[in-house]
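Novice: Residue numbers (our numbering), protein chains in the order written: chain A, 1 to 285; chain B, 1001 to 1268.
Accuracy of the hints is not assured; some may be wrong.
Quick list of simulated restraints, FRET-style, between CB atoms [claimed, not checked]:
#1 A/T218 - B/Q1086: 43 to 49 Å
#2 A/E122 - B/A1057: 43 to 49 Å
#3 B/G1240 - A/E5: 49 to 55 Å
#4 B/V1216 - A/T14: 45 to 51 Å
#5 A/L144 - B/P1209: 32 to 38 Å
#6 B/E1150 - A/Q125: 41 to 47 Å
#7 A/Q125 - B/G1031: 51 to 57 Å
#8 A/E163 - B/S1051: 50 to 56 Å
#9 B/Q1086 - A/Q125: 55 to 61 Å
#10 B/K1076 - A/T14: 42 to 48 Å
#11 A/P140 - B/E1150: 31 to 37 Å
Covered stretches of chain B (in silico footprint by chain A; criterion: 3 or more residues with CB under 8 Å from a CB of chain A, positions within the stretch not fixed) [what the hints assert, rightly or not]:
#12 1140–1146
#13 1225–1236
#14 1251–1257
FYI, nobody ran anything at the bench for these hints, they're computed from the structure.
Each residue gets a CB set at the ideal place from its N, CA and C atoms; glycine is no exception.
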Amino acid sequence: MPTLEPPNVRLRLTNQPENVSLIRTTLTGVAEAIDLPPAALDDITTAVTEAANNVVLHAYQGGHGPLEADIHIAEGLITVVVRDEGVGLHHALDYGLQAGETGEQHLELGLGVIQALAVSVEFDQRSGGGTEVRMEFANPSETLLLGANAHGELELPLCEGSELTAATIAITPARLARAVLPRLVCALAARASFSTDRLSDAQLLADLIAAQAFQSITGSHLGVGIAVGPRLLELRVGPLPSGQAGTAASVLGELAPVLGSLSDDHSFEEAGRTAVLALQLLDQR
Amino acid sequence: MAMASVAPAARRPGVCTEQDDPNELFARWRGDGDRTAHELLIRRFTPLARSLARRYAHTSEPFEDLLQVASLGLLKALARFDPERQSAFAAFAVPTILGELRRYFRDSTWGLHVPRELQERALAVSNAQEQLASVRGRAPTVSELAEYLELGYEEVLDGLLAGQAYEALPLDAPVRTHHEGEDLLTHLEALGSEDERYELIELDATLVPALRQLPVRERAILRMRFVEELSQAEIGRRAGISQMQVSRLLRRSLQQLRVLAHAHAEGS
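Throw the hints in and build the complete structure from the sequences for me.
Specialist: Below, the structure is given as structure tokens:
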């Protein structure tokens, strides 16, 4: 299997059913950034939803585990990789493929949908356990992503923080982040039962992070971990150079004094050679 | 074959003089495959690309992105230019570079072609938001909206985001009777009649020069949100517009403010 360059987007979730919609939200943002025609987006989201549903339903056989999606955007081609660390999908897949009509019907149907919509699809059982479904789709968009020049192995910035973390995203370049991050943050603010009014504040903060943080981060990818609690949202943004304790300006730029007031609290946390800025939003209605 | 010994002095890499004739450089690049000549052409016309990119510097796009787009246009123009058929490269390059910049803007302003269905959903969500807010006395949550509209969570969220996106809804969207611009201006001018300067400084002294460049209504909204710390719903009530419109205006003026503040920081 050819090795791919680091993805433009890596989204790390867990296998809860409601997380599948976060992958769709992310794809919608990608489509917006590259002006992907709606029909192409529909095909991609339908196939990717099936792959993600398989992880939710089969990969962990009733247990919990990671659900990860990578999105690579190239001229003419969009590649989406859906990955898990379970065993269920592979077993179910083998069983389904060998046993034909007696295999799990949902899985069969899902794989059929993926095969029909993707230009090519590969299933791979990884050596350390888990399954990877790699789907390639035609990219009819002529919009190039400037600055998507990441090389080497992608290390997901350590923005996971607390156990409340619902999603971690690594994304490049800035243009893509500007379309994807506010959507993802809004989707999770909705999950945190924010009123639409506070949800819009979260969106403003995400806008600003996506627009500014690339000037400060130490890697090619902006990493954001998003934790959700009851009327609580926490964004952990990095990787930032360590030793800038106490300043939100590194992530929020010149507007930090104004936008800082949107968040209820912020802190700067050192994590080895890098640091993250943690911003908390509450909805105290 | 040793090439180095026959290379004339004028071909030394990195040497670029005013006297370099673009036509001669084209001949060297296209005819002899001289990559140095190609680089000299790029270097020679980069100021042109830069000046064209600067025409769009007032927009919300970062200048580096614009410069990259213009440089891409320059490369395309260099590749397509035919010295046999066209006389001046600059005359040929300008429309190509501008075309590239325009395409970039067309592509990045998705709000111009939001599907009809999504526009309608955005409108339905906006109306439901106001109805629920007036009943409950606070802005609703997404699940309350979903229940009220009998729509899925994702559909509500899509509608909400489309409505809050930059000009995703026409300014004179149906159903609402007043126009965003006029009403808002009237309301906000009335609200903004106190001495503004003091409050702007309270907002943040370093941002004052940038803030001064924003229109009155944008300043008034920013002040209400960040100095008076009113919620978006409260600002909407005071100004007689929806919370979604407040959200959109805030989003737009913060984008402008960011660009202006950045320009001031660069300049000082």
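Novice: Decide, hint by hint, whether the structure agrees.
Specialist: A quick look at each hint next to the structure:
{"no.": "1", "hint": "A/T218 - B/Q1086: 43 to 49 Å", "in the structure": "46 Å, holds"}
{"no.": "2", "hint": "A/E122 - B/A1057: 43 to 49 Å", "in the structure": "45 Å, holds"}
{"no.": "3", "hint": "B/G1240 - A/E5: 49 to 55 Å", "in the structure": "51 Å, holds"}
{"no.": "4", "hint": "B/V1216 - A/T14: 45 to 51 Å", "in the structure": "48 Å, holds"}
{"no.": "5", "hint": "A/L144 - B/P1209: 32 to 38 Å", "in the structure": "35 Å, holds"}
{"no.": "6", "hint": "B/E1150 - A/Q125: 41 to 47 Å", "in the structure": "43 Å, holds"}
{"no.": "7", "hint": "A/Q125 - B/G1031: 51 to 57 Å", "in the structure": "55 Å, holds"}
{"no.": "8", "hint": "A/E163 - B/S1051: 50 to 56 Å", "in the structure": "53 Å, holds"}
{"no.": "9", "hint": "B/Q1086 - A/Q125: 55 to 61 Å", "in the structure": "58 Å, holds"}
{"no.": "10", "hint": "B/K1076 - A/T14: 42 to 48 Å", "in the structure": "45 Å, holds"}
{"no.": "11", "hint": "A/P140 - B/E1150: 31 to 37 Å", "in the structure": "34 Å, holds"}
{"no.": "12", "hint": "1140–1146", "in the structure": "holds (count 5)"}
{"no.": "13", "hint": "1225–1236", "in the structure": "holds (count 5)"}
{"no.": "14", "hint": "1251–1257", "in the structure": "holds (count 4)"}
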